[in-house]
Structure formats: structure tokens, C-alpha cells
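Participant: Listed here are the chains, written in short residue letters.
There are 2 protein chains.
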Amino acid sequence: MSFHERLLDAIDQKQAPICVGIDPMYDHLPADLKTSDQPSPAEIIDAYFDFTMGVLEAVASIVPVVKFQSAYFEQYHAEGVEAYFNLIAEARAMGLLTIGDVKRGDIGSTSSAYAKAHLADIEPGESDSDSIRDDILDPGETPDAITINPMLGIDAIEPFVQRADATGKGLFILVRTSNPGSSDFQDVKLENGLTWSEHLAETLQSRVIAPRIGRSPYTSIGAVVGATQTHTMKSLRGRLPNSMLLLPGYGTQGATADMTRAAFDTNGRGAIVSASRSVLYPKAAPGETWQAAVRRAATSMRDEIRRVLDQASN
Amino acid sequence: MSFHERLLDAIDQKQAPICVGIDPMYDHLPADLKTSDQPSPAEIIDAYFDFTMGVLEAVASIVPVVKFQSAYFEQYHAEGVEAYFNLIAEARAMGLLTIGDVKRGDIGSTSSAYAKAHLADIEPGESDSDSIRDDILDPGETPDAITINPMLGIDAIEPFVQRADATGKGLFILVRTSNPGSSDFQDVKLENGLTWSEHLAETLQSRVIAPRIGRSPYTSIGAVVGATQTHTMKSLRGRLPNSMLLLPGYGTQGATADMTRAAFDTNGRGAIVSASRSVLYPKAAPGETWQAAVRRAATSMRDEIRRVLDQASN
Numbered sequence: 001m002s003f004h005e006r007l008l009d010a011i012d013q014k015q016a017p018i019c020v021g022i023d024p025m026y027d028h029l030p031a032d033l034k035t036s037d038q039p040s041p042a043e044i045i046d047a048y049f050d051f052t053m054g055v056l057e058a059v060a061s062i063v064p065v066v067k068f069q070s071a072y073f074e075q076y077h078a079e080g081v082e083a084y085f086n087l088i089a090e091a092r093a094m095g096l097l098t099i100g101d102v103k104r105g106d107i108g109s110t111s112s113a114y115a116k117a118h119l120a121d122i123e124p125g126e127s128d129s130d131s132i133r134d135d136i137l138d139p140g141e142t143p144d145a146i147t148i149n150p151m152l153g154i155d156a157i158e159p160f161v162q163r164a165d166a167t168g169k170g171l172f173i174l175v176r177t178s179n180p181g182s183s184d185f186q187d188v189k190l191e192n193g194l195t196w197s198e199h200l201a202e203t204l205q206s207r208v209i210a211p212r213i214g215r216s217p218y219t220s221i222g223a224v225v226g227a228t229q230t231h232t233m234k235s236l237r238g239r240l241p242n243s244m245l246l247l248p249g250y251g252t253q254g255a256t257a258d259m260t261r262a263a264f265d266t267n268g269r270g271a272i273v274s275a276s277r278s279v280l281y282p283k284a285a286p287g288e289t290w291q292a293a294v295r296r297a298a299t300s301m302r303d304e305i306r307r308v309l310d311q312a313s314n
Numbered sequence: 001m002s003f004h005e006r007l008l009d010a011i012d013q014k015q016a017p018i019c020v021g022i023d024p025m026y027d028h029l030p031a032d033l034k035t036s037d038q039p040s041p042a043e044i045i046d047a048y049f050d051f052t053m054g055v056l057e058a059v060a061s062i063v064p065v066v067k068f069q070s071a072y073f074e075q076y077h078a079e080g081v082e083a084y085f086n087l088i089a090e091a092r093a094m095g096l097l098t099i100g101d102v103k104r105g106d107i108g109s110t111s112s113a114y115a116k117a118h119l120a121d122i123e124p125g126e127s128d129s130d131s132i133r134d135d136i137l138d139p140g141e142t143p144d145a146i147t148i149n150p151m152l153g154i155d156a157i158e159p160f161v162q163r164a165d166a167t168g169k170g171l172f173i174l175v176r177t178s179n180p181g182s183s184d185f186q187d188v189k190l191e192n193g194l195t196w197s198e199h200l201a202e203t204l205q206s207r208v209i210a211p212r213i214g215r216s217p218y219t220s221i222g223a224v225v226g227a228t229q230t231h232t233m234k235s236l237r238g239r240l241p242n243s244m245l246l247l248p249g250y251g252t253q254g255a256t257a258d259m260t261r262a263a264f265d266t267n268g269r270g271a272i273v274s275a276s277r278s279v280l281y282p283k284a285a286p287g288e289t290w291q292a293a294v295r296r297a298a299t300s301m302r303d304e305i306r307r308v309l310d311q312a313s314n
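Protein chains in written order, with the numbering used here: chain G, 1 to 314; chain C, 1 to 314.
For the record, the hints were derived by calculation from the structure and aren't laboratory data.
Among the hints, erroneous ones may be present.
Because identical chains cannot be distinguished in the list, a pair is counted as satisfied if it fits within a single copy or across any two copies.
[Stated by the list, open to error] Straight-line Cα separation of at most 25 Å, DMTMM-like style, residue types lysine to aspartate or glutamate; simulated pairs:
(1) Lys283 / Asp37
(2) Lys234 / Glu304
(3) Lys14 / Glu141
(4) Lys14 / Asp265
Chain G on its own, in the form it takes in the complex (with noise of 0.2 Å):
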């Protein structure tokens, strides 16, 4: 089954096309796992360890997808990155899908290599030759999806999707990013009239996304759109109709769950929600364990988008 179609199910399951990003950090962790005020690396990391094992258990009956964001965990280098690949191997064991969200992007071969890294486990005796062989399309502890960035041509993204197709997982190419600076270099006006973003839109659709449309509306290949730019939303839905929106930015980043309604196809599908800080941070009410709150949170974010999507369907 490929990507989409496992994304899609898993979201008509639980009835929420929601996302939780898995953002760690010690500062806001939970007081009962923090060991120390001057914690080693080690000490951080398993303190990462067990808080994600904690929200993953949390909310693993709610929502259908977690995003794991690699940089919280690779600043601890070597550590950090075995324990990325492990609380990902964690999460498909929980019934979740998972998101890697490693914003990669290079060219040629070494476009190849990262998409090697992060979407198909190593096993002995694959080359570092770009030629995909079966023996490594077992998922293992790689995510079912990537984000990547799309900024060097589509030249540079073809070994991710290539990759992306012999594997059955998918990618998530970024298009419009949610935070406040994105307008400097992705809003400005193409001389045909488009922003940068529209024409980035328009090329993936054309050159990588139409030629891989099969009997499902969707493809394996994504787009991330911030929730935060309701100005550039409902345009980008327009240039990308055969990809699920992934949209950063609900709650902490600001954007508000009618903020999203626009990346949503009139059918109430085709885009995912995704929270970090909101529903890894709550604060916990009285007598209310962390974990409690976590899955309050979660619940309370599902609960919104459901609210909204019923009003855009009545």
C-alpha cells in the first residue's frame, strides 16, 4: 500500500486528520523527568527518550501521524540520532505513521544518499550507487515520510521521489513555510504574475506529482503549507489537487483551526494539521498527571478540526 493510501486510512480511523510534532525540548519537559539542572547529553537524551515514549503513548489512540523533528535530536549527534531511528521504529510499533521531518535536500548522488538515510534502512551490501535494490526496501526504522526541501530543482528532488516510489513511503515537499519570514524569499512575484511558491507549486505538479496520479485523488507526494499563511493557502490547494498538506503552525506558531479550513478539499480530506509545542506543553490542571494533559490537548486539537470541517460539510 503506498503512502497515501495508508496516510488516508489511518486518518478515517480515528476521525482526525491531525498531527503531532515531536519537538523536545529540555527546558519545557515535564519537571518529573527532568533529572538535573545541569544534565549531560546522556541525561537528555534519555529524558527525550522517555518523554516521547510518553506522549506516543499518549496520544497514539487519537491521532494517525507523529512528526519527529530531527534537529531536537541530532544536536546530540551520534546519541541523539540512534535514538531519532529507535523512537521512530517505537511509533510504528504503536500502530502510528511517522513523519521525518529532516527538511533534507542536495543534488545527484548525494540527493540519493539522503534519501538512502532517511526513507530506506541500510542493509549489508547496498552500494552507495543510486541504483535501488530490494533488498533495502524493508521500512525498518525509517519514517513512512519525509519533508525535504525543494529550493535546488527538480533535479534534486527526483532521487528522494524515486525513492519514495520503490519504498511506498512519502514525502513532504515544502512549499510555503508557516513562519514569519517565509515572505522574504518564497512570496515574492514571478514577472508571470505568480509568487514564488505558486510557480514551485505549479512545476511539482506538473513535472513530479501528475505523472504519478493512480486511481486515488492523492499521491504519495505531499506538500508542507504553514497554517499561519491563510493568504497563500486556498491558492496553493488550487496548484497542488493530487497532494495531502501537511500544516505546521496550529497553536504556539499561532494559527487557528479555521485558519486551516481552506487546505481542506470540500470532501473535509486531503491535509494534515500538525501541533508541536501545544500539545507537547500543555499546562496540566490540578491533580492532572503530564501524559493526562498531553492526551487532553491532542484531544481538544482533533476535537477543533472536527468543529470546523462539520461546518465547512453542512
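Starting from the known structure of chain G, arrange chain C on it as the hints suggest.
Facilitator: Below, chain C without anything else, positioned relative to chain G:
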């Protein structure tokens, strides 16, 4: 001493504005380093380590700086990442400046985490807050500079710039890449007549680089401009007067020494030409060791660049 001062001194000392890119590929390794036709990941990593050490020893007296391509190590997950950082420490111990070619880019606190991961060692007690603490400013195992992707905007770049400032390290920001498809999104014309890369260069110069100009005409905020892109090089050189330009694409990708001339200032400074496969994997002459062939390839590249710069100065 800031990164650009250390880089300029190293280039002067070796009279060689060149960089060797460390892109280990098992298929291309010298026969005596290939222990197996079906190597395990551990065997591949060991071979990469031995190969890289051999290359570093061969070129250390010829080139001022080496660039490590993270992807080829990252594809072996934690063990590969450990080798990447260990080899950077080895290169530093040989007196080489090091660039981590990681092309990272994200937003806010995630950019801060990437900057910490790749520009500053992790020290016990550093929290995940954005505050930069003196006790983590030891350069240690992390490279002297990294490449970053600017697509997400100036606010997304700022955490990298702040970390580079605080650690005396450098950045090479992707402005125009060396791949054929780089024209898809980097050469598009804006309504103001500039290409997207030119707009990017002007925005970086005015908002990031100009405020950091000191005694030297150069700053520690460099730019990556593909050596294959002669039609853009003059324009980008002019728009980034205070940046060292890192020029990938020499050799295997097709750029010649003459094609790089426009990237250098009239004084023959301001650029570094980078080559990977053409220096790493030369055809050894009969009776020549692979390390001697690597040394010969690096020497002839240096002499070619010198020839072009001498012509330019006459």
C-alpha cells in the same frame, strides 16, 4: 580569530584557494580498501574512515580546507554520524579547516537546534533554549563552517548566524547551486527584473552581511555559487562583495578553472573552488598508489587555479 580570517590566512599560506570535498562512495573506493563485495554497514563505515584518513593525509599540505558531505555518512545512521564528527576532529588535528556540507535549514528554535548540532559541541548542562552559553563555545568536533539552505527566510537563517558569530565560525549560504536543474527555482525572473538568486543575494547582503562587515573586506557569511554557472557568477559576485564564494562543480560536474575566474575579486581573493570526485577517485598511473594519485589530482587542480589567477592578475 573569525572564520574568514582563518580561511584567508590558510589560503595565503598554501597559495591555493581550493577545497577538497569528502564524498565517500563505496563503489568508487580504491580496490585495497574494499574488504567485501557485500560489505556490512560497519565494514562500509570502516572503509570510509580509512579512505578519508588517507585522503586527508594526501592533501593536508596542499589544500587549506576540506568539505565533508554529511549525506554519505548520515546514510549509515548513528554509526555514520559518529564517523563524520570523528573525521572532522581528525582533519582539524591535521591543521585543516573544515566545512560541514549539511545544507540544513528550518525555522526558529529548530534552526537553533541545527546550529547547535553542527557548529558547537554539546557540553553538559546546555539547555535547549536559544541562549548561547560560553561553556559550549569550544569548537571541538564540529566543523569550522557549514552550508545552510536559505529558502525559509531571514528569520530562519538568524539562529545559524548568531551561533556562527558566537563561536567564531562561518556559514556558506546556498545562493546558486551547480546542478542543471538549479535553474528551475533559482533562475526564475522576478517582477523587479532580478533572478530569484540575485534577490536572495541582495537580501542577504543588506540584512545579514552588511551589518557584520569589520576590518576585513570579507565576512564569515559566505555563499555557495556553482562553478558551472558562469552566466550568474559575475552578477552574484557583485551582489555579495563581502562574502567568500564556495564554488562546487569543478571537475566531474564539468566546471573548468577558467570558468571560476569571475568568482574571484581582482586581487585573486574571495573564492574557493571545491572538487570532490575528480580529486578523490583519479585513475592511478601504473605503479602509483591511490594516495599518490589523489595528491597528484589535488596538486594539478591547485596549479590550474593558480594559472588562471596569475593570468587574471597580469
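Participant: Against each hint, give a clear statement of whether it holds in the structure.
Facilitator: Hint by hint, here is what the structure shows:
no., hint, in the structure
1, Lys283 / Asp37, "within (21 Å within a copy, 56 Å between copies)"
2, Lys234 / Glu304, "within (20 Å within a copy, 53 Å between copies)"
3, Lys14 / Glu141, "within (24 Å within a copy, 45 Å between copies)"
4, Lys14 / Asp265, "within (18 Å within a copy, 61 Å between copies)"
In summary, the structure agrees with every hint in the numbered list given earlier.
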